[in-house]
Each structure stands twice: as C-alpha cells, then as structure tokens.
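Undergrad: Given only the sequences and the hints, what does the whole structure look like? Please build it.
Line order of the protein sequences matches chains A and B. In terms of our numbering, the first sequence opens at residue 1 and continues consecutively. In terms of our numbering, the second sequence opens at residue 1001 and continues consecutively.
Please note that a few of the clues may not be correct.
[Claimed, not checked] Dumping the calculated DSS-like pairs for lysine-lysine here, alpha-carbon to alpha-carbon at most 30 Å:
id	chain 1	residue 1	chain 2	residue 2
1	A	Lys47	B	Lys1135
2	B	Lys1138	A	Lys112
3	A	Lys47	A	Lys112
4	A	Lys47	B	Lys1138
None of these hints come from the bench; they were simulated from the model.
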Amino acid sequence: MSAATTAPDAADTAAVRRAIASTARPPRPGPLSTALTFGWRGMLKVKHVPEQLMDVTLTPVMFLLMFTYLFGGAIAGSTSAYLDYTLPGLLVMSVLFTTVYAGVSLNTDLTKGVVDRFRSLPIWRPAPLLGSLLGDSVRYVIAGTVIIVVGVLLGYRPDAGVAGAVAALALVVVFSFGLSWVFSVLGLLLRSPNAVMNAGFTGIFPLTFLSNVFVDPATLPGPLQAFVDVNLISILATACRSLMDGTPDVGAIVVSLLVAAGLAAVFLPLTTRLYRSR
Amino acid sequence: MTLHAPLAIEATGLVKTYGDTTAVAGIDLAVPPGVVYGVLGPNGAGKTTTIRMLATLIRPDAGSARVLGHDVVTEADAVRAQVSLTGQLASVDEELTGRENLVLLGRLLGLSRAGARARADELLEAFGIAAAAGKLVKHYSGGMRRRLDIAASIVVTPRLMFLDEPTTGLDPRSRNHVWEIARALVAEGTTILLCTQYLEEADQLADGIAVIDRGTVIAEGTPAQLKASVGSGGLRVRLLDAERRPEAAALLERAVGPVTLEADPAGLTAQCPDSARAATGVGELARTGIGIAEFALDQPSLDEVFLALTGHAAEVPPPAATLEEQPS
Chain A
1 MSAATTAPDA ADTAAVRRAI ASTARPPRPG PLSTALTFGW RGMLKVKHVP
51 EQLMDVTLTP VMFLLMFTYL FGGAIAGSTS AYLDYTLPGL LVMSVLFTTV
101 YAGVSLNTDL TKGVVDRFRS LPIWRPAPLL GSLLGDSVRY VIAGTVIIVV
151 GVLLGYRPDA GVAGAVAALA LVVVFSFGLS WVFSVLGLLL RSPNAVMNAG
201 FTGIFPLTFL SNVFVDPATL PGPLQAFVDV NLISILATAC RSLMDGTPDV
251 GAIVVSLLVA AGLAAVFLPL TTRLYRSR
Chain B
1001 MTLHAPLAIE ATGLVKTYGD TTAVAGIDLA VPPGVVYGVL GPNGAGKTTT
1051 IRMLATLIRP DAGSARVLGH DVVTEADAVR AQVSLTGQLA SVDEELTGRE
1101 NLVLLGRLLG LSRAGARARA DELLEAFGIA AAAGKLVKHY SGGMRRRLDI
1151 AASIVVTPRL MFLDEPTTGL DPRSRNHVWE IARALVAEGT TILLCTQYLE
1201 EADQLADGIA VIDRGTVIAE GTPAQLKASV GSGGLRVRLL DAERRPEAAA
1251 LLERAVGPVT LEADPAGLTA QCPDSARAAT GVGELARTGI GIAEFALDQP
1301 SLDEVFLALT GHAAEVPPPA ATLEEQPS
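TA: Quick look at the structure:
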C-alpha cells in the first residue's frame, strides 16, 4: 500500500502525512463503552502476561500437595480427611493472593507512564480502574478453578456438588473485588511494582497462615485462637467450607460480604482520588 | 498584546513546588499556533513539570495557562480533547502488541471497532511497523518503539502535540525520521511543543525557543536571535601551508580577534564580532601571501548560547546509556 521505495523498517513520510491529514475527531465515547474498552485491555493482559497467573496459582497448588501429603495424615488422621478440610481454605488463599496483582499492575502502569497516557485522554475518569476489574475477575476465576480442579483430581468431592463449588468461588471473587482496592491504594502509593508485591504478600501471607485455612484452631493456644477466630480470612474460609459442604453458614457469608462492601466503600474512593492526583 | 490568531499556548506565572523544592518558579510562555516551539533546558530544569501542567496531568500551584483557548484547570477535558503526549510524558503499554495499543487508543477516542482497527493498520503501515504489529511492545527496538509512540499520539490528529525528548537514544537515521514526522505534522497545521535537551534538535526543528533553567525562562527567541544575543561567531580558516600558521595567527589576532589553534595543524579560528571584520582578516591574509585552503564564518552554536545564558554547559546524557535502558 505504501511507497515501495521506503525501507520496511522506516516511517514513510508521505503515508504519515496522509494519515495525519485523514482524521476528523470522532464523538466522545460513553462511560460504559470506555470502561469496557479497559476491560478488553485487562483481558489482553491475562493473555500476554500469563506469568502473573502462574505465580499465584502454582503457590497454592504447591501448598495443597505439600500440606495434604506431608502433614495431612498427622493433622486430620488421613490425607483424604485433610483434603476435605483444607481445600475450601486453599481456594480462598489462591484467589486472595491474586488480588495483590491488582496493585502490582496498577503500579506498573503508573511507573511506566501508561497512567499518564490515560489521564491525558478526554475519557470518563474512573473507567481505567473499573475496566481493570474485568481482567482481574477473569484471573480470580481461573486461579480458583485451578485449585478446585486439582483438589478434585486428588479425590476431593464437595458435598454440595458443582453448585456448592461455584457458590464458594463466587463468594471469594466478590470478596476479592473489595480487597483488591486495598492493593490498588498500595499500588498508587508505593514506588515500584516489586514494593507493592512485597508489601502485599507480607500482609496476606501471615494472615493466611494465622487463619483456619490449614488447621482447626481448636488445638491452638488461647490468644492465638482468639486472633484466628476474628481473622477475616478464617471467616471467609468458614463461609466457603460451609457452601461447599452444603450447610451454608449464613453468619460467615454475610460478614464476608459486608467486609467486602466496607473495604470497597473506603478504598475505592481513595483509589480514584489518588489516581487523579498522582 | 497582538491581535493575531489566538495563541496555542499562553502561560502566565506557572509555579509548581514539591515539598520545599520549587520545580517551576513562575514560567511565562506564548506559543503561536502552527509552529514547532522548543523548550530547552538541562535535566531537572523544570521542562517536564511545565509540560505536565500544560497537558492537565498536574495542577499548577500558582499562575494560569490556556491551551488552544481553554484553561488547563477549569476546562481540562476540552484541553485533553485536542492535545496528545509522547515519550516519557505518556507511554504506550509494553505488555500489549503495537496494534493493540493503537486499537485501544482508537476505541478510547471514540472510533468504532472497525474504524479503530483500520486506523491502527493505516498507522502501522505508514510508520513502518506493520511487520511487528503483532509483537509485544517490550520486544521492540528503540527506534520502532519511538515511532509507535508517535503513531499512538496521532490516532486522532491532535491540534497540539507535546513532543518529549523524541530522539533521545536514537541513531542518526531514526532521528531524522522522527524529525521528518514532526515537520509533516506542522505542515498539516499541528502545533508542536518540543521538549528537548539536544540543542541541535531545537536548532533543526524549532521556530521559537524558550530556554529554561532552574524553573524559569531565562531566554526566548528564534534560534538565530538567541545565537545573535550571545554575540560573536568565529572566522575559521584552514591554510594551504601549516608552516605559516604562527604568522597567520599573529595577523588575525591583530586584524580580527583572539585566535585559537585547532587540532588540525593548518587550522585556526579567530573570534569575530561581525562579518566585515572577518572579510578584513581574510583580505589581510591574501595580501600577505598566506595561502588559504578554505575559510568559513561560524555562528555560535546553541551549545555556546546555553553556556553563555546559564553559566553551565547543557548536560546531555550519553545516548548509549539510554539505549541500554530499552527493554530487552
């Protein structure tokens, strides 16, 4: 199409000039269309940066194998009994680990100058943030599905069947929508993507272990047990376990949803404010 | 005040401070439409902060600015709808392909799905990146990346473009391509605010230049005016016979001005306030019978202008270091 004399790796000035002359400014797109375009970008990231997904998916699978076969018998009497206990908790761990990447990718955009590109466009301001939720949710569903499938391959059978597993996964994903704004704020405040990752995991790793994900807190010393009981990750794990067992613990489910809503109510406005001013 | 066409950029007393550091300490700019206007200054002079204020990315702490007739604070969206940014100011996404980057921007600017794709292909073709359209940008070479960067900023042709350090780290051939594109944009009526620390680049492209140092404009004018303001150029002479250089030096010292000897054993330069004096010098040499191989009257380079204005040399980073920063 372009002038045949131009080297293939160089700009063709005549064609550039035609390209410059040929556009009229189209009408501004609506908020929804803009957010969906950012959603599309989020999906492309899942495709192009699979490492992120691998990192967070493999760690829980490793824990699943290690805990079940090394400690499972000792903790619960048999590996299959332990798998029954721990799998819903590992589902929580797997998806919550993935939420840290909401902050990491936001920080990457910020440090690379991509955020400035978006901020220089005449678009609906919250669109980039809301759109990225779409890509994030795909990651959450994949991370959660992988751990459930590996569990089933190892012999885990949820009493509530597929419906129970789907309900538990849905609850964790909704909770993650709330939690991801905490990491988005970190992503906007810290200096580098690595700093966000370190801070995120430094927070979420011990919280996961000081919960009922791996062990029944009944055997823990009093003060520790008291902490584990109020740890949100315990409450969410209890809710998921109850959904997968077919005996929904309404209290735990409601608390999980309220906490998710609370986190979003505080950290979503904070995120949008920081996003505007950075 | 003139009654000509409204200014593309009109800034008055812009100030931006970070903590106790004053990045921009009261900058005034008046940029007419349809030109390349160079903002020249060393690293940390306040160029980028100034442009970020003009591009609505940050709010000025004091002062005001209108871009294409719109206030950058109260009518930020109207400004955004007509400008675009390049380089360090607003990056393309390294984790997407070149084509995806252009389609994304097309969609965000309001093109239809098919329209955005067609525009992306047109630009990829015109900028010579069609072959790498499906590759992730982090695998692009420096020159390709820079072209994509500019392509991304003309998905919809802007009326004003902030061109930030467009050739830092590029080889001379790629650099010339970027300059040609900038000239093509101006030919189509776009105003370009060129931010650079390369004096040669400003000299090549800019119709007007503001020199910024320590957060203020310390000089303003056309490249020729700035050079003239520093005064003298030099009369550069190369003799036929190197043996006679001491004699020629003594003569020019008397007839023209202070002489410096060049590395070339037959070359010497005399500082020279005007062309009449230079002509006298050349005449004297001829009359004395000292053979001249060539002579030229040099204008001072913008480097010298910069040194004269700021009292320190322009700090230009070694291009090699910048190239190495390109993602592998």
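Undergrad: So, for every hint listed, does it hold in this structure?
TA: How the hints compare with the structure:
1. A:Lys47 / B:Lys1135: holds, 13 Å
2. B:Lys1138 / A:Lys112: holds, 11 Å
3. A:Lys47 / A:Lys112: Answer holds: Lys47 of chain A to Lys112 of chain A is near 20 Å, not above 30 Å.
4. A:Lys47 / B:Lys1138: Given pair Lys47 of chain A, Lys1138 of chain B holds - Cα atoms ~15 Å apart, limit 30 Å.
Checked against the numbered hints given earlier, this structure breaks none of them.
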